[in-house]
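Colleague: Take a look at the letters that make up each chain.
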Amino acid sequence: MRQPSLPLCKIVLSAVLSLLCAATSAAEPERPDFTGLWTSYREPGQRGASGFGGPRADLPLTAEGKRRMEEYGKLLGPERANPAAYCVDYGVPTMMELPGGYPIEFTQKPSQLTIIYEVENETRRVYIGDRQLPADQRLPSRSGYSAGHWEGSTLVVRTTDLLDGQDQGNHPHSDKAAIEERFSLGKDAKGTTVLSYEAAITDPVYYTAPVKIQRKYEPLKDGFIIPYRCPDEFWYALVEMRRTQLKAGHPVDAHMSDVYKEREAKE
Amino acid sequence: MTRLIRTLAIALGAPALALFAATAGAHHSAAQFDFSQRVTIQGVVKEFNVTNPHTAAFVDVTDAKGTRTVQYEGHSASHFFRAGYTRDMVHPGDKIAILIAPRHDGHDGGFIQAFTVNGKTVGFGGLSPETGKPAASGSAEAPPK
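Chains A and B, in that order, give the protein sequences. Numbered per my numbering, the first sequence finishes at 618, counting up by one with no gaps. Numbered per my numbering, the second sequence finishes at 1065, counting up by one with no gaps.
Bound conformation, chain A alone (with noise of 0.2 Å):
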C-alpha cells in the first residue's frame, strides 16, 4: 500500500488543527480586558455625579434594617461624619460607585482581576477561576473576599466575608450580605468603551429582596491616579514636631496625640 507523502500529511494535520482551534474559540469566546483607567461614563449633557450620598429612598428594608439605618444615621452626629473623612477605605460596595468623582483602575490578568480607586488607593483583589482561598481561611474585610468567574463574556464575581456595611453610604449592608457583580464590555452609539457593572446586593439582616445597583464606567482618557493617602500627613507631623524637640534639646517624646492637639490649636 501506498503511504500517503509527507507534505500531504502536513496540510492535512494543519487543516484539522485549524478546525479544532475554531471550535474552541466557538466554545470560548474571547474574555474582555478591563485593564486600564476608568471614570464614571456620562451621558450626553451630563455632569459627573458623586455617587456618595445617604442611603437610597426605596430600599426594600426589613425592620432590623430600617433599625440600624436610622440608629447609623443618630451616629453621624452633627457634622455628618463619613469613612473616608476619616482616611477609611469607603468598602463594598461604595467603592465601585466612585464616591467623589474619583477614577478607578483595573488591571486584569487570567487568574485575578484588581481593582484600586484612587482615594486610598483603595484596592480589591478579584480571584478568577478554581484557585481560591478556603472559606475558612477568609479574613472579613471591607471590601470582602471576591470570587470571579466567566459566563460567556460577562465577569461573575460573588464577594462574601464582608465586615459589617453600615456605613456603606448608598446600600447599607450587614456582615451576612452576599454581593454578586457582573461586568461587561460595550460601545455606546458614539464608540466609546463602557464598562458596564451591575451588583445585586443579597443581605437577610437589611433587606427582604435583593438591591440592585447599575454603573457604567467610560475609559479616563490622558488620564493618570494620583498620590492619595491622607495618613502620611499625621506621620510627617509627627516627625516634625520630634525634630523640633530635638534641635531644642528636649526630650524626644511627642506622641500622635499632640499631633491632634496642636491641629485643634490652630483651628
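Don't read these hints as lab results, they were simulated from the structure. Incorrect hints may have been included.
As the list claims (entries may be wrong) - The calculated label-pair distances, taken between Cβ atoms and stated as ranges, are:
{"#": "1", "chain 1": "B", "residue 1": "D1025", "chain 2": "A", "residue 2": "G480", "range": "30 to 36 Å"}
{"#": "2", "chain 1": "A", "residue 1": "V545", "chain 2": "B", "residue 2": "G1039", "range": "38 to 44 Å"}
{"#": "3", "chain 1": "B", "residue 1": "H1024", "chain 2": "A", "residue 2": "R418", "range": "50 to 56 Å"}
{"#": "4", "chain 1": "B", "residue 1": "T1006", "chain 2": "A", "residue 2": "N472", "range": "38 to 44 Å"}
{"#": "5", "chain 1": "B", "residue 1": "T982", "chain 2": "A", "residue 2": "R418", "range": "48 to 54 Å"}
{"#": "6", "chain 1": "A", "residue 1": "G503", "chain 2": "B", "residue 2": "G1026", "range": "31 to 37 Å"}
To be verified - Lysine to aspartate or glutamate pairs mimicking DMTMM-like chemistry, simulated, CA-CA at most 20 Å apart:
{"#": "7", "chain 1": "A", "residue 1": "K425", "chain 2": "A", "residue 2": "D539"}
{"#": "8", "chain 1": "A", "residue 1": "K541", "chain 2": "A", "residue 2": "E381"}
{"#": "9", "chain 1": "A", "residue 1": "K460", "chain 2": "A", "residue 2": "E381"}
{"#": "10", "chain 1": "B", "residue 1": "K966", "chain 2": "A", "residue 2": "E591"}
{"#": "11", "chain 1": "A", "residue 1": "K567", "chain 2": "A", "residue 2": "E613"}
{"#": "12", "chain 1": "A", "residue 1": "K612", "chain 2": "B", "residue 2": "D1008"}
{"#": "13", "chain 1": "A", "residue 1": "K572", "chain 2": "A", "residue 2": "E381"}
{"#": "14", "chain 1": "B", "residue 1": "K1015", "chain 2": "B", "residue 2": "E967"}
{"#": "15", "chain 1": "B", "residue 1": "K966", "chain 2": "A", "residue 2": "E613"}
Said to hold, decoys possible - Some chain A residues close to chain B (C-beta under 8 Å, calculated; not the full set):
{"#": "16", "residue": "C438"}
{"#": "17", "residue": "Y453"}
{"#": "18", "residue": "R580"}
Note that the Cβ used here is the ideal one computed from N, Cα and C, for glycine as well.
Given chain A, put chain B in place with the hints provided.
Modeller: Chain B alone, transformed into the frame defined by chain A:
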C-alpha cells in the same frame, strides 16, 4: 510648603479619638457651608496646603472686622491638580482672591470654589473668583465628601 495634618482615624485612646473626631468634623462637613452663596475674599497667603482628603488655606484677611488669619477648606489634592493647580503655584506672601461658599453661621471661613493668584486662576465648576459667576458652563461643586 509646610505639611499640615489632615484627619485620620486609627486606633486611638478615647480622648484622642474624640479630639480627632472634632477635628475631622471641622474639616469634612459639607453641611456647614452654604453652596447657594458665593463670596469673594481678598487676602495674603499665610499657608496653602493642598493635601488629602481636603485642602486647607490660611489667609490673612483685612476688612471691617480687622486683620486676622482665616482658614478656608478646599477640595482634595487630586481634584486641585486635575483642575489645573501646579506645584509651587502659591507661596506664603502671595496676594490671593478666593471665591468661597461661606459658612452658614456667618463665621469666618468657607469652601474654596475658585482662586486667582499670580495671574493664574483655578476653578472648580468654572466659577471666577472675581465675579462669582460661572466663567464657563457649569456651576459650583459641593465638596465630594
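Colleague: Which hint numbers doesn't this structure obey?
Modeller: 1, 3, 4, 6, 7, 8, 11, 12, 13
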